[in-house]
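The primary structure of each chain is shown beneath.
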Amino acid sequence: MEQNKNDIEKKVFDAIRHGDAKMRPRWYFVVRAVLFATGSVVFFLLLVYFASTAIVTLHRSGAWSAPAFGLSGWYLFFRSLPIILIGFTLIFVIVIALLARHYSLVYHQPLVYLLLVIAGLTTLASFLIAPTSFHGAIMDYTTANLPFAHALYEYEERVPGEVHQGVIVTFMSTGFILRDLDGNVTATVVVAAATTSFGLGDTVIVFGDENASNTIQPFGVEKLLPW
Amino acid sequence: MNENEEKDEEIAERVQKGESEVFRLLVERYEPKMTRYARRFLFGGADAKDLVQDVFIKTYVNIRSFDVNQRFSPWIYRIAHNEFVNALAKRQKDKRNLSLFDLDVFFPHLLAKETADSEAGQKEMRAMLDRSLATLNPKYREPLVLYYFEEMDYRAIADVLHIPVSTVGVRLARGKAMLKKIVKQ
Numbered sequence: 001m002e003q004n005k006n007d008i009e010k011k012v013f014d015a016i017r018h019g020d021a022k023m024r025p026r027w028y029f030v031v032r033a034v035l036f037a038t039g040s041v042v043f044f045l046l047l048v049y050f051a052s053t054a055i056v057t058l059h060r061s062g063a064w065s066a067p068a069f070g071l072s073g074w075y076l077f078f079r080s081l082p083i084i085l086i087g088f089t090l091i092f093v094i095v096i097a098l099l100a101r102h103y104s105l106v107y108h109q110p111l112v113y114l115l116l117v118i119a120g121l122t123t124l125a126s127f128l129i130a131p132t133s134f135h136g137a138i139m140d141y142t143t144a145n146l147p148f149a150h151a152l153y154e155y156e157e158r159v160p161g162e163v164h165q166g167v168i169v170t171f172m173s174t175g176f177i178l179r180d181l182d183g184n185v186t187a188t189v190v191v192a193a194a195t196t197s198f199g200l201g202d203t204v205i206v207f208g209d210e211n212a213s214n215t216i217q218p219f220g221v222e223k224l225l226p227w
Numbered sequence: 001m002n003e004n005e006e007k008d009e010e011i012a013e014r015v016q017k018g019e020s021e022v023f024r025l026l027v028e029r030y031e032p033k034m035t036r037y038a039r040r041f042l043f044g045g046a047d048a049k050d051l052v053q054d055v056f057i058k059t060y061v062n063i064r065s066f067d068v069n070q071r072f073s074p075w076i077y078r079i080a081h082n083e084f085v086n087a088l089a090k091r092q093k094d095k096r097n098l099s100l101f102d103l104d105v106f107f108p109h110l111l112a113k114e115t116a117d118s119e120a121g122q123k124e125m126r127a128m129l130d131r132s133l134a135t136l137n138p139k140y141r142e143p144l145v146l147y148y149f150e151e152m153d154y155r156a157i158a159d160v161l162h163i164p165v166s167t168v169g170v171r172l173a174r175g176k177a178m179l180k181k182i183v184k185q
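Order-wise, the sequence lines are chains A and B. Using my numbering, you'd call the opening residue of the first sequence number 1 and step up by one each time. Using my numbering, you'd call the opening residue of the second sequence number 1 and step up by one each time.
Treat the hints as calculated values from the structure; they're not laboratory data. Heads up, some of the hints might be wrong.
[As the list claims (entries may be wrong)] Here are the in silico distance ranges between beta carbons for each label pair:
1. B/Lys-17 x A/Ala-33: 15 to 23 Å
2. A/Gly-199 x B/Phe-106: 46 to 54 Å
3. B/Asn-4 x A/Asn-6: 57 to 65 Å
4. B/Arg-24 x A/Arg-24: 13 to 21 Å
5. A/Ile-86 x B/Gly-121: 22 to 30 Å
6. B/Lys-17 x A/Val-34: 47 to 55 Å
7. B/Asn-4 x A/Val-117: 56 to 64 Å
8. A/His-102 x B/Arg-91: 35 to 43 Å
[Claimed, not checked] Covered by chain A, according to a simulated footprint, are these stretches of chain B (three or more residues, beta-carbon under 8 Å):
9. 124-138
10. 141-151
11. 155-169
12. 173-181
[Stated by the list, open to error] Heads up, simulated SDA-like pairs for lysine to any residue below, C-alpha to C-alpha not over 20 Å straight-line:
13. A/Lys-22 x B/Lys-180
14. B/Lys-180 x B/Phe-106
15. A/Lys-10 x B/Lys-180
16. A/Lys-22 x B/Arg-131
17. B/Lys-49 x A/Asp-20
Don't be surprised by glycine CBs; every beta carbon is placed ideally from N, CA and C.
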């Protein structure tokens, strides 16, 4: 035992004396801590970016409002989910959870609390950013300069056929006429008069299949919010 | 003050300031503990001595990252834990439950009181542990070794393993139950 101890001590001090083991300077740890903290913040910002992009695309596609109209609405909502964006969001949640567990304040708590805090902060930040002009500006920039990145915002391909966005151009006794946002296709939307709280020129989302005679018997109609 | 009466944290601070020679005091104090911890956690791997040596070299290299307002003991044990877990992972036969994801740390647990076992109870548990260490899963083996042989409290074990304090209680309770079952068999 004593021999073992002397061996270890001797080898450790030989390594120190010969310069094989050098004490790292304090600035090394300061720089490392700063890089670690900066990295954590950057990953959190990326997480918020992907989460808010998911919210914006769901909103612009109209699927965001669908769950208000029952089971058919929920089914439509799930089919419209931006899987790639949600995948990125989940990956960044895991990365941030792993980074945060470096701190004693975090690893002393159950992991589920950390995930709830990350989810809460991300949701809050995403809902604050989504209605701003931020994503609109990024969309314009990527359309012009980064077609690959713009793919993240391409929601039309994910929107199921029973979601129709348009402007109300005429009211009739059975409903209203809808002109789509490009202004060249129209459909007749059949709705009970009691449920229409819309006015001429309102932009709406209509949920329901369109038949061969361009008539929609919707399971839901919702006014489109500005963002 | 006599150097032998100096606290670990005070010695570490002197080393940080450039008195490399006093690092010897820390090596002398912790060498028996680290060797014992390595032998029990790795149960007699031939590489235990080399690993303990690596632990001290890493401690020296990184000593300026140690916060002298914290306790030195959990800090050096954490370095040892990382070293030993890496060694275990390299051994093909012993990759049981060393994964990153663990349900024990995922959900909250009621915090079990730190049970003050009687002296006889502690002795009995140590004897059982010595006989059956190799059969225990490393996830349960390590907290038992730290608690019964290194005489650490739950908080210090939580700092070494980077897990919640309540999870330490859960692993100790499960580890003890497993040990008793193994001994009965």
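Each hint, compared with the structure:
1. Checked against the hint of 15 to 23 Å, the C-beta distance between B/Lys-17 and A/Ala-33 comes to roughly 20 Å, which is consistent with it.
2. A hinted range of 46 to 54 Å holds for the C-beta pair A/Gly-199 and B/Phe-106, which are about 52 Å apart.
3. Taken as a hint, the range 57 to 65 Å is violated for the pair B/Asn-4 and A/Asn-6, whose Cβ atoms sit roughly 18 Å apart.
4. The hint said 13 to 21 Å for the Cβ distance between B/Arg-24 and A/Arg-24, and at roughly 19 Å that hint holds.
5. One distance hint, 22 to 30 Å for the beta-carbon pair A/Ile-86 and B/Gly-121, is violated here, with the actual separation near 52 Å.
6. A hinted range of 47 to 55 Å is violated for the C-beta pair B/Lys-17 and A/Val-34, which are about 23 Å apart.
7. A beta carbon spacing of about 46 Å between B/Asn-4 and A/Val-117 contradicts the range 56 to 64 Å that was offered as a hint.
8. Distance hint check: the CB atoms of A/His-102 and B/Arg-91 are about 26 Å apart, inconsistent with the given range 35 to 43 Å.
9. With a cut-off of 8 Å between beta carbons, the region 124-138 of chain B has 0 residues touching chain A; three or more are needed, and the interface restraint is violated.
10. As drawn, the region 141-151 of chain B meets chain A at 0 residues by the rule of a beta-carbon pair under 8 Å; below three, the given contact is violated.
11. By the rule of at least three residues with a Cβ nearer than 8 Å to a Cβ of chain A, the coverage given for the region 155-169 of chain B holds, with 8 such residues.
12. With a cut-off of 8 Å between beta carbons, the region 173-181 of chain B has 0 residues touching chain A; three or more are needed, and the interface restraint is violated.
13. Distance restraint check for A/Lys-22 and B/Lys-180: the Cα-Cα separation of roughly 46 Å exceeds the 20 Å cut-off, and the hinted pair is therefore not satisfied.
14. Only pairs whose Cα atoms come within 20 Å are accepted, and B/Lys-180 paired with B/Phe-106 is rejected, the gap being roughly 26 Å.
15. With a CA separation close to 41 Å, the supplied pair A/Lys-10 and B/Lys-180 exceeds the 20 Å bound.
16. Proposed proximity of A/Lys-22 and B/Arg-131 is contradicted: the alpha carbons are some 40 Å apart, above 20 Å.
17. At most 20 Å may separate the alpha-carbon atoms for a hinted pair to count; B/Lys-49 and A/Asp-20 meet this at roughly 18 Å.
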